[in-house]
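In my numbering, each residue carries its 1-based index in the sequence shown increased by 11.
Worth flagging that the hints you see were computed from the coordinates, not collected in a lab.
Bear in mind the structure is a predicted one, so any value in this text is a computation, not a measurement.
Misleading hints may appear alongside valid ones.
Listed next, the in silico SDA-like pairs over lysine to any residue satisfying Cα-Cα at most 20 Å (straight line) [claimed, not checked]:
1) Lys49 - Val86
2) Lys49 - Ile85
3) Lys49 - His78
4) Lys49 - Arg21
5) Lys49 - Cys88
6) Lys49 - Arg92
7) Lys49 - Asp26
8) Lys49 - Gly13
9) Lys15 - Ile85
10) Lys15 - Ser53
11) Lys15 - Gly45
12) Lys49 - Val19
13) Lys15 - His82
14) Lys15 - Asn52
15) Lys15 - Cys50
16) Lys49 - Pro98
17) Lys15 - Ala68
18) Lys15 - Glu81
19) Lys15 - Glu40
20) Lys49 - Ala75
21) Lys49 - Ala70
22) Lys15 - Gly33
23) Lys49 - Ile83
24) Lys49 - Gly33
25) Lys15 - Cys88
26) Lys15 - His78
27) Lys49 - Ala97
28) Lys15 - Ala44
29) Lys49 - Gln18
30) Lys49 - Ala68
31) Lys15 - Lys49
32) Lys15 - Pro35
33) Lys15 - Pro43
34) Lys15 - Ala84
35) Lys15 - Ile94
36) Lys49 - Phe16
37) Lys49 - Gly96
38) Lys49 - Ala84
39) Lys15 - Ala79
40) Lys49 - Ile91
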Amino acid sequence: LGYKFGQVLRISDEDLGLIPAGSPIGEGENHPAGSLIKCGNSATVFEVVGSSRFPFASAEAFLARGHAWEHIAIVDCARIRHILGAPISE
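All chains, full assembly: derive it from the sequences and hints.
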């Protein structure tokens with residue numbers, strides 16, 4: 012799915028215990044809500060929300076939401092099956 016172990020953030024065991032366990036993500040599934048994805052060499056970054064993907068209108072809009080470039084999963088274009096939503100602006 013394009014994720015890398017280097018993208019994992021370290022948190023305390025106490026904070027980890029506050030996060031409910033979800034279902035494992037299978038290779039054949041879509042990216043879960045909250046994922047930041049982009050297709051291959053494309054510059055467009057999307058945020059996944061439910062079954063939709065929303066492109067960021069600009070780098071400023073991406074950064075204004077507190078995202079970091081290293082959290083983007085680069086995926087095979089064929090894996091992006093989410094419905095295209097409206098651009099996210101600042």
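**Request:** Take a quick look at whether Lys15 and Ala68 sit within 20 Å of each other, Cα to Cα.
**Result:** Answer violated: Lys15 to Ala68 is near 25 Å, above 20 Å.
**Request:** Assess, step by step, whether the Cα of Lys15 is no farther than 20 Å from the Cα of His82, and give holds or violated.
**Result:** The given pair, whose Cα atoms are some 9 Å apart, holds under the 20 Å limit.
**Item:** Hinted pair Lys15 and Glu81, Cα distance within 20 Å
**Value:** holds (10 Å)
**Asked** Does the alpha-carbon distance linking Lys49 and Pro98 stay inside the 20 Å limit?
**Response** Holds, because 14 Å separates the two Cα atoms, which is no more than 20 Å.
**Request:** Could you grab the alpha-carbon distance between Lys15 and Pro35 and see if it respects the 20 Å cut-off?
**Result:** holds (16 Å)
**Request:** Sort out whether Ala75 lies within 20 Å of Lys49, counting only the CA atoms.
**Result:** Given that 20 Å is the threshold and the Cα spacing comes to 18 Å, the pair holds.
**Asked** Straight-line Cα separation of Lys49 and Val19 no greater than 20 Å?
**Response** It holds: about 18 Å lies between the C-alpha atoms, which stays within 20 Å.
**Prompt:** Keeping to a limit of 20 Å between CA atoms, is the pair of Lys15 and His78 held or broken?
**Reply:** Distance of about 16 Å is within 20 Å: holds.
**Message:** Hinted pair, alpha-carbon criterion (20 Å max): Lys15, Asn52. Please report holds or violated.
**Reply:** holds (17 Å)
**Request:** Decide if the proposed pair is consistent with the structure: Lys15 and Ile85, CA atoms, cutoff 20 Å inclusive.
**Result:** holds (10 Å)
**Prompt:** Holds or violated: Lys49 with Ala84, Cα cutoff 20 Å?
**Reply:** holds (6 Å)
**Asked** Would the pair Lys49 and His78 pass a check requiring their Cα atoms to be no farther apart than 20 Å?
**Response** holds (14 Å)
Hints 4, 7, 17, 24 and 35 from the earlier list are contradicted by this structure; the remaining hints agree with it.
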